[in-house]
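The working numbering numbers the first residue of the sequence shown as 1 and each following residue consecutively.
These are computed hints drawn from the structure, not numbers from a lab. All values reported here derive from a predicted model rather than from experimental measurement. It is possible that some hints are incorrect.
Stated by the list, open to error - Straight-line alpha carbon distances no greater than 16 Å define the calculated EDC-like cross-link-like pairs of lysine to aspartate or glutamate that follow: (1) K206 / D87; (2) K123 / D87; (3) K210 / E264; (4) K405 / E173; (5) K277 / D334; (6) K277 / E196; (7) K134 / D87.
To be verified - Here are the in silico distance ranges between beta carbons for each label pair: (8) P208 / G398: 37 to 47 Å; (9) G398 / I107: 25 to 35 Å; (10) V287 / E209: 25 to 35 Å; (11) G124 / D334: 45 to 55 Å; (12) E127 / D51: 53 to 63 Å; (13) R313 / S348: 42 to 52 Å; (14) S97 / A177: 52 to 62 Å; (15) S170 / D334: 28 to 38 Å; (16) V410 / S97: 22 to 32 Å; (17) G398 / T155: 30 to 40 Å; (18) G114 / P344: 26 to 36 Å; (19) R50 / R360: 56 to 66 Å; (20) E36 / L256: 12 to 22 Å.
We put the beta carbon where it would ideally sit given N, CA and C, even for glycine.
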Amino acid sequence: MTARKTVSAMSDRILTEEEILERAGRRVTRRYGGLELSEKQMRVMEWWRRDRQLDGIICDGAIRSGKTWSMSSSFVIWASCTFTGHDFAFCGKTVTSVRRNLVVPLIRTAERFGFRVKEYTSKGYLEISFGGRKNRFYLFGGRDESSAALIQGMTLSGVLLDEAALMPRSFVEQAAARCSVRGSKLWFNCNPEHREHWFKREWIDKAPEKGILYIHFDLWDNPSMDRETIRRYCRFYSGAFYERFVLGRWVSTEGLIYPMFSRERNVCDVLPASFEKYAVSCDYGTVNPASFGLWGLSGKVWYRMREYYYDSRREGRQKTDEEHYMGLVRLCGDLIPEQVIVDPSAASFIECIRRHGRYRVTAAKNDVVSGIRRVAGALNSGQIKLHAGCSDSIREFGLYRWSEKGGADVPVKENDHAMDDIRYFVSAYLKEKDGAFFVAATART
1 MTARKTVSAM
11 SDRILTEEEI
21 LERAGRRVTR
31 RYGGLELSEK
41 QMRVMEWWRR
51 DRQLDGIICD
61 GAIRSGKTWS
71 MSSSFVIWAS
81 CTFTGHDFAF
91 CGKTVTSVRR
101 NLVVPLIRTA
111 ERFGFRVKEY
121 TSKGYLEISF
131 GGRKNRFYLF
141 GGRDESSAAL
151 IQGMTLSGVL
161 LDEAALMPRS
171 FVEQAAARCS
181 VRGSKLWFNC
191 NPEHREHWFK
201 REWIDKAPEK
211 GILYIHFDLW
221 DNPSMDRETI
231 RRYCRFYSGA
241 FYERFVLGRW
251 VSTEGLIYPM
261 FSRERNVCDV
271 LPASFEKYAV
281 SCDYGTVNPA
291 SFGLWGLSGK
301 VWYRMREYYY
311 DSRREGRQKT
321 DEEHYMGLVR
331 LCGDLIPEQV
341 IVDPSAASFI
351 ECIRRHGRYR
361 VTAAKNDVVS
371 GIRRVAGALN
381 SGQIKLHAGC
391 SDSIREFGLY
401 RWSEKGGADV
411 PVKENDHAMD
421 DIRYFVSAYL
431 KEKDGAFFVA
441 ATART
């Protein structure tokens, strides 16, 4: 069975911001259920009628390009027009992300299409009624390898996998295997990762032989994106993340991880006179260097005011937990930080801080690639700045590189200690929201 393959008309070269805006100005839209949709969104809404012989659809491409809403809406319309009394599944990296990305937008537009949606939160499914037909849509999170067991044993008539490239292969393929009902179809939606990613190799590259329609979305394929929003996205990302999230390409990371770091933009010689609150981020090490940073919030900018950096190899002596704790105390001085965010693997140091009772300590989030993307965004937006005295972190920004081995997004494990503690801080205090960042007030637990 041969699938039609719909691809973007763009060339391999890097499109500029003005070229992207020009293409957005030329987009053609159509009305569907009172909504204005692009040609590719319309293709998603109608493919299961026009290409009944196909077994599924894959949509990938730029962030905020309009693919997720059209996929979830089309999925529910198809299911409701084809089956009644059947089971389906919405899958994402977590159940929380499924609700945020799929369920909430779907509920907002359900009435427009004549649907009734009832959520049974404790049972983990939605009941969707349309035209006298009623089906169940279960919600699943595919966070890690163990997640495949959650969906194992079910019989499904269709599955929508949102953020498919972020899920383990075992979960995606187990979910696909659950669709054994005659007439069932597979729906995949994702943003690009590196070019050797298993989902690209096994599903996108093999879409024709699998009988799957492939549609690539560009940033200008979303009619709701105005020029200023597109401009903001173009300026927010750089390097490989620009190619992935703005141009929607499967590209490998290479070279410096933070090429956008600039002494002129990201380093200051004089700190503000006052700060609203403080925080400390710690990457703990005994054999490897330990790096702690004291941060202060002034207006909408977080400043790395000063740092503690101890390299036992350079100094010729390892320090104990207690000695590093005293370094933390000297770093803070008379200031009491809102929290001390510590490398989650440093259990003994976390316990040491708790035992002293002076500071509130929390384990850091350690999603490396997501954290790197957040730091890159914070540097681009100017929401973090380093005092010129933070010499070790400034040095590491100029040395921190992607590994050239293995084809995955993996940093070289060198010159990464201040980089890790800065990543812990940004992941805790600067939350991503529609491609921008805003200062977060972290909840006390």
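Just pull the numbers of the violated hints for me, sorted ascending. 1, 3, 4, 6, 9, 10, 12, 13, 14, 15, 17, 18 and 20
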